[in-house]
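Engineer: Okay, here's what each chain looks like letter by letter:
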Amino acid sequence: MAICAILACGIAIFVMATSTLRSLEYSCERFYEGYKLADIFVHVRRAPNSLAKQIAQIPNVSEVHPRIVQGVLVDLQTIPEPATALVSSIPDDPASGLNRVHIQQGYYPDPSGSLEVIVSEQFAKANRLHPGGTLEATIGGRKERLRIAGIGMSPEFVYPVRAGEFMADNRRFGIIWMPHRQAEAAFDMVGAFNDISLKTNSPNSHSGIIAEVDRLTRRYGGQGAYDRSEQVSYRRLADELYQLRGMAIIMPLIFLLVAAFLVNMVLARIVHRQQEQIATLRAFGYTAREIAWHYVKYVAVLMSCGTALGVVVGMMVAVKQTETYGEFFRFPRITNVVAYDSISISLLVSALVGFFGSASALLRAIRLPPAVAMRPEAPGVYRSSFLEKLGLGWLLSPVSLMILRRLERNKRSTLLSILSMSLAVAILVLGSFFEDTIDYIIHVQFEEAQRQDLTVAFAERVSPEAKYELQHMPGVQQVEPFRTVPVRLQHGAHVRLMSLMGLENPPRLFRVLDEQHRDVEIPSQGLVISQKLAEILGVTEGDRLNVEFLTGESQTRSVEIAAVFPNYTDPVAVIDRSALHGLLGEGECLSGVFLSIDTAFEAELFDSLKAKPSVASVSSKQAVIDGFNETLAESLRRMRTINGIFAAIIAFGTFYNCALITLAERSRDLATLRILGMTRGEVSRILLGELAVMTLVSIPIGLPLGYILSDLTTTMMDTESHRIPLVIERGTFAYASIFIIVAAAVSAAVVRTMMDRLDLLAVLKAKE
Amino acid sequence: MSAHVRITKSVLDRTILYRLYCDCAAIAHFAAPNSHACPGTHIALERFDRRRSSMGLRPRYSQLHQLKVLRSMPQQISPKVQSPPHKSPAVFSVKELTKTYRMGSVDVHALRGIDLDLYAGEFIVTLGPSGSGKSTLLNILGGLDTPSTGLVKYHDHDLSHADDDELTRFRREHVGFVFQFYNLVAGLTARENITIVTDIALNPFEADTALQIVDLEDRANHYPAQLSGGEQQRVAIARAIAKRPEILLCDEPTGALDIKTGIVVLEAISRINRELGTLVVVITHNSSIAGMGDRVISLADGQISDIKVNAQRIPAKELAW
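One line per chain: the protein sequences are D and E, in this order.
Heads up, the first sequence is in this note's numbering, so the first residue is 1 and it goes up one at a time.
Heads up, the second sequence is in this note's numbering, so the first residue is 769 and it goes up one at a time.
Simulated from the structure, these hints should not be mistaken for laboratory data.
What you are looking at is a predicted structure, and each value in this text was computed from that prediction instead of being measured.
Heads up, the beta-carbon is just placed ideally off N, CA and C, and yes, glycines get one too.
Please note that the accuracy of each hint is not assured.
[Said to hold, decoys possible] Away from chain E, derived, C-beta distances all over 10 angstroms, residues of chain D:
#1 Pro48
#2 Arg269
#3 Gly285
#4 Pro398
#5 Arg406
#6 Arg511
#7 Thr679
#8 Val746
[To be verified] Stretch-level coverage of chain E by chain D, calculated; a stretch enters the list once three of its residues show a Cβ under 8 angstroms from a Cβ in chain D:
#9 937–943
#10 948–961
#11 964–978
The following block holds chain D by itself, in its conformation from the complex (with noise of 0.2 angstroms):
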């Protein structure tokens, strides 16, 4: 029962692991196919709808879908800031297109009506909006009160996430959908488009349609043209999943290694247990054949109720989880994939468990001549441990020399033992490590590096000027403008689209800060690049990059990187904003600001922000830790109970079943030692004692297996979008040796009360 129940727990999450990711990358392809996510997308500044035909000409371009992207500021009840919305055209026919919506609630809006809109699921959750409501917006300047006709959902938006956020902050943004003609007229756009996409043919194809779009959109602004792996949602859910399938490897490997030891100890136990039976089977004739098969069939009975446990156990979790998933990636169904691969490795690996489980004591039982198995086992060989080789045998009581040499006798299974205490140990600090690295990341990142209250970005680019009109708002403090363009980064074969932002210098508020938390010198020439970035573009400082900036003429640069430094989100490249003016021959003139701010005036300014027609989007500092902490410590409290629960059963189930195999080898002695004076606690101490000198030994291999393990769970999260150092506290580790300490305390405790019911007499009876 006990074996069943661990191989159980080991089965059960391999399963739940992979089935969950199967049905995420189900769901989440299948969102994609059904509703046309394009293949590549360009956004311009503004382009006539015949540019829309001249792409569909492009060879490999089966169906174009040209529309207008803005962002607008969106005045909520909920928060005082004003939130981002992107508003993105939609056609006419819901089943036209690309990038289509799926409407959850409500309707697909009528152009010919009045001015309707769909909202995106998660924002209307945050904000509390609802089909017939209406939300405010500030549209080409004016402010617009916009009906909802619906709720929806798009394969573009699975996780919406601005581009350079650690997270979605689904209460600041969101995606507005607003009918196509309605948007012309609404952002001064009649018969022409700011945003196309397209879908292809064949993905071989890629390279060379997005040169041709560049070069057609060139002289209509286009900010280049970048296909789905670049897209910011479908990169992150990429790199999410990627993450998922690391940990849906290292977690369930741990607990079938950790079944693996006990299955192989039990099985073992058991068969050398049944020596004698097997003896007088033999002797009454039966060939080692069919002893053989008997326990093949038991093994096999054992081992498939374990894995049957598990792989249904693990379906079921695996749907729950799936819905946990589900609420952070929407798709408009989910789907639960049975991972039958993973329930054949499973089946695979409960085979090979259960072999050499039994395999090596069956074949010792067997080969053993039944006159000799049917005799009482004759003591067993033993030999002075390590300790009294080392002359320190005099120290010791004859308990704590049964303890250790016992222990040193029975060297597979106390080193099996020791493992998957360690394992526990490792699990724990595995589970907790993260909150340590988060910690972290908060304080460099946003207490550190960025000192600013607010970000404003506008949404062209405005003159100088505006910096001082900003330092006249109420409750603002300091200004520090920005100014981003995009760029395509290209060192050799390595091609990277994405913003360069010009810095004032040095800067105060947005700090670029090195490894030990130093301001990194931005020099008057050059880029300073992020870590991540310098991998994808296989660069180092000191190499040239071609910089292309993508403002509508076509202007390459190249540029000399003058620093490298670490950061934990998406690539960024910095410069001196009077090198970037010169670069791109252009006067002074701002893309944004960063502010810091007397939050006493907190309200007022965000009143006069949202009248500021050139705001498109305003984000605070302290609603993004906000909201890491609200969404990311909730998930790490749990992961770290999850853990804890992990390690518990792990701890307890080998701390159970060491005691449990102790107890039958042991019996015969602690039952002699009872009746010759001992009283229960100190017999109980003698088995219990090896059960401590394994835990106190698992906690000191357990706690670098804890710093490999975590190290190599941040490899492997380690995407584009999240950079994960490795922090681990001491507290960390403490709390690990303290939980392990604690859990063996308390089965040790059960394990005492199992002892204090044993009729120890009886024991010794049934012996003889």
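Starting from the known structure of chain D, fit chain E onto it as the hints suggest.
Structural biologist: Using the frame of chain D, we list chain E on its own:
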């Protein structure tokens, strides 16, 4: 003085002398409680000595202790004289003892009204076929089990109503057990097998002394796997007597041994009974052993069928089966 000369001849005699000293020490302790720092210190220092002896060093404290006891020993105390069994008060007094087990749906009446008194220094052989109740009787006398009805008294203590802690203390302080299959701890050497018991005893022998009593001092550092069956059983006897029990209970002590080895083991038990004055109860199927006992109690169907008193005990080496 002549007595001293005589008793220092053999190791066994030395142990008797030592026991005597310790008895005197107890008397001295009761007479003048402040003469020792405290009993705890005494036990701790004795443990220290045992560690020393396990390392091959001479014990320190017990030498000093013996010297001190010797000096304080009242001259009028003489070695314990073996009085005829039935004249001294009974060690065990058993009245109308019954024991019923529930085996599945059947009640098994293992003992059906036993009345028996056992005296200090007696050698009792209990005979009977399987299922006669002899093991049950031994278990109850040894504090391993409690009767269904009736009374078992150890001196003035009622064992029939004692709880687990009291029975454990009783076994720990007063009873030595010898089992059919020796039951030595495989992971401990002969000496350590004894030390593990003497560590929890109040006034034990040195482990080496106990091994000397059974003539196995040269096997002290051997593990059970390195000893023959007879040697293992002698180590078991040494372990049983090392705590100086008042009672030695032996459950088929020769059951797993050949005749030659069996006789060596019985000789050891007999010597302990004779020279330490320990009440010995041996249960056996083997009626040949009957001659060794002062009394032979035969059990059948849970009742005493016969009690035979041997006028003359036959030495173990003269037994044959």
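Engineer: Does D:Thr679 sit more than 10 angstroms from chain E, CB to CB?
Structural biologist: It is violated; D:Thr679 is separated from chain E by about 5 angstroms at its closest Cβ, not greater than 10 angstroms.
Engineer: Please check whether the beta-carbon of D:Pro48 is more than 10 angstroms away from every beta-carbon in chain E.
Structural biologist: holds (92 angstroms)
Engineer: Far enough from chain E: is every CB of that chain over 10 angstroms from the CB of D:Arg269?
Structural biologist: holds (17 angstroms)
Engineer: According to the definition I'm using, a residue is off the interface if its beta carbon is farther than 10 angstroms from all beta carbons of the partner; does D:Arg406 meet that for chain E?
Structural biologist: violated (5 angstroms)
Engineer: Verify the coverage statement for the region 937–943 of chain E against chain D, using a C-beta to C-beta distance below 8 angstroms and requiring 3 or more qualifying residues.
Structural biologist: Our answer is that it holds, as 5 residues pass the Cβ test (under 8 angstroms) against chain D, meeting three.
Engineer: Using C-beta distances, would you say chain D covers the region 964–978 of chain E, given that this needs three or more residues below 8 angstroms?
Structural biologist: With 5 residues closer than 8 angstroms to chain D, the region 964–978 of chain E meets the three-residue bar; holds.
Engineer: Non-interface claim for D:Arg511: all C-beta distances to chain E beyond 10 angstroms?
Structural biologist: holds (65 angstroms)
Engineer: Please settle this one: D:Val746 was flagged as non-interface, so is its CB more than 10 angstroms from every CB on chain E?
Structural biologist: The assertion about D:Val746 holds, with a minimum of 25 angstroms to chain E.
Engineer: Can you take a look at whether the region 948–961 of chain E is actually covered by chain D? Rule is 3+ residues, C-beta closer than 8 angstroms.
Structural biologist: Answer holds; 10 residues pass the 8 angstroms Cβ test.
Engineer: Test the statement that D:Gly285 is away from the interface with chain E: the closest C-beta pair must be farther apart than 10 angstroms.
Structural biologist: Holds, since 28 angstroms exceeds 10 angstroms.
Engineer: Would you assess whether D:Pro398, listed as outside the interface, keeps its beta-carbon beyond 10 angstroms of every beta-carbon in chain E?
Structural biologist: violated (4 angstroms)
In terms of the numbered hints stated before, the structure departs from hints 4, 5, 7, listed from lowest to highest.
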